[in-house]
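Engineer: Starting from the known structure of chain A, arrange chain B on it as the hints suggest.
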Amino acid sequence: MAIAKAERLMNLALCLLGTRRPLTKRELRGSIEAYLEAGGAASGGNDDAFNRMFERDKDDLRELGLVIETVEGIDGEIGYLARRDSNRLPPITLDAEEAAALGLAAKVWQQARLAGAASGALQKLRAAGMPVAEDPYDTQAHSALEPHIPVHEAAFEPLMLACRDRRPVVFDYRKANAARPEPRQVEPWALECWRGQWYLAGWDRERAAERVFRLSRICGRVRLRTGAFTAEVPDHVTVRETVERWSGETATRTARIRLRSGHGYPLRAKALSTTGAGDGWDELEIPYGHGLDAWLVEFGPDVVVLAPDELRADVVDRLRAVAKG
Amino acid sequence: MAGNAIDQTRRMLSLVTYLRERPGARVADVARAFGISEDELISDLDVLPLCGTSFRGGDLLDIDTDGDRIWWHNPDDVAEPLRLAADEATALLVAARAVATLPGLRESDRDALLRATAKLEAAAGEAAGASARLSVTFESEGGVFADVDRAISERRRLWLRYYSPARDEITEREVDPIRLFAVGRTYMEAWCRLSEARRTFRLDRVVEIKLLDEASDPPRIELRDLSDLSTGLVQTGAEDPEVVIEVAPGGRWVAEYYPHDSAEELPDGGLRITLRTPDPGSLRRLALRLGRDGRIVSPRGLADSARDAAQRALAAYGE
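Chains as they are written, first to last, in the numbering used here: chain A, 2 to 326; chain B, 281 to 599.
One chain only, chain A, in its complex shape (with noise of 0.2 Å):
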């Protein structure tokens, strides 16, 4: 039976980290048993089985935050090691109120390998001496607060990492109003969430601008490219802004309505002015920004427009298209 991985890959940790000169590829493969499985009769005897496993593991124990020095020896040939000082963690000394914060914190990862990396840190900062909190979370000292961040979106993973490592993207994506998807080619700066869905800040290569991205409208796979980022990025990536303007929340214009007392409770929330007009119903000024025009469609009969005339007559065309049927 083949040696568990997670076995594999704790050996070569203790190695590299328990070594103080740099071990070469032949030492390490001769330590440790699964290696010499993987070289052995059953994979035909050549070493292409071991080097792979070899290099996906180093990588593996890389994303694990191991720092994993390459040292070229004076005979030529490659010795690795992970040297103590640079893998240790910084003294950090953290009281029993912080430590039940970052365990709140922690929980808020659904999507597994972020809440694996959460747990993981955790685990590390108890080893360090972190506190255990004696009770979970408990609403008496604490927020009674169950936060959650939803990532549903396969494109997630392949992005946030594409993000953090710089490398250029390609994946097709579907405007909202548009019936085909469409390839981009993109440089991902900066992931966001807000109100519960992601979006993509990066630079659009064929558009040679920056471009925001809602991670529910890519289509496929999510490919990375080879290369560097041929932009520079930005000190500070706007998403929200640009999202805010998408749902109609930067309004430089005010627009007047008549509303039926009772009715529209969110216009009334937003209103820069309410007065009485008589006969059931108020005059309201309200911010007008993109996406309006829809909104207020939705009160149907308990909505009119007075002004803009532009608004009216889109109000008016979107009504005409449902009294259709």
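FYI, nobody ran anything at the bench for these hints, they're computed from the structure.
Glycine residues also receive a C-beta, built at the ideal position from the N, C-alpha and C atoms.
None of the hints are false.
Lysine to aspartate or glutamate pairs mimicking EDC-like chemistry, simulated, CA-CA at most 16 Å apart:
1) Lys490/B to Glu434/B
2) Lys6/A to Asp326/B
3) Lys108/A to Asp505/B
4) Lys325/A to Asp573/B
5) Lys271/A to Glu286/A
6) Lys26/A to Asp49/A
7) Lys271/A to Asp484/B
8) Lys399/B to Glu98/A
9) Lys271/A to Glu421/B
10) Lys176/A to Asp548/B
11) Lys325/A to Asp588/B
12) Lys325/A to Asp584/B
13) Lys26/A to Glu70/A
14) Lys325/A to Glu599/B
15) Lys26/A to Asp60/A
16) Lys176/A to Asp205/A
Coverage of chain A stretches by chain B, computed from C-beta distances (three or more under 8 Å per stretch; other residues unrestricted):
17) 8-14
18) 62-75
19) 85-94
20) 170-178
21) 183-192
22) 302-315
To give an idea of the interface, some chain B residues facing chain A are shown, with a C-beta separation under 7 Å as derived from the structure:
23) Arg290
24) Ala313
25) Cys331
26) Ala410
27) Gly549
28) Leu568
Structural biologist: Same frame as chain A, but now just chain B:
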């Protein structure tokens, strides 16, 4: 969790550090500190004695357990606390920042999060850098949040005026809060004394809120898993009426926002979406919103009511 070799390796590396400092640690305590089951811990303890600290071989970790306590007989200085990986720092920092900026959170919790964040950033060093490439904002109505939080901790009933978009009306009700959760926006799950049922309230739709002196007394109900909730807060059942909507490409967003049974591609790039809802009337607003980008195919009555509402609305414009 045990199925994932990466997570298990990560855990075992921390485990040896932890065990070195705590000879004779109890299985139950270690499992709790690591957030795993005792069975998972035992399976880690089965692997560790097969792992070695020296390339010469034969130098294996002599760790064993009698099922109650764990002993490491040849502790090695290889077991020092390890630095955080980029993903680890990111997972904790992004989450801590998101929660710390939630309006209405108790100041003591916010302070603890901010202190912990600063210490983590310092300890993570370079690994903290990538955490700026991921961010999350939870939206919340601070005042409402604080009142619900207080009601839960003091076990008090709440009085609400709550806006229901489906009926475009505000209702008054008394509720016994059960929990407060954030999934993008912030919600309260409560036992509604008006409908004698479990209800989820979105905090930004709470028009007015008051803490009552009466004790809250929600029936003991099984809590739903929040990861299921985030795909659709409205719980729909197989017995709910079925609604079929056809949308043009411009209405494809409906499939992103409404939990549905199926969404078939149409030749024009649109979708035929089948969904279930306990309250089909609430979809009249959707039909109005869609305009020329979509229409309700069935049930007929719902399609008629949207058309009727549009005709009545047009009358006000002289049509």
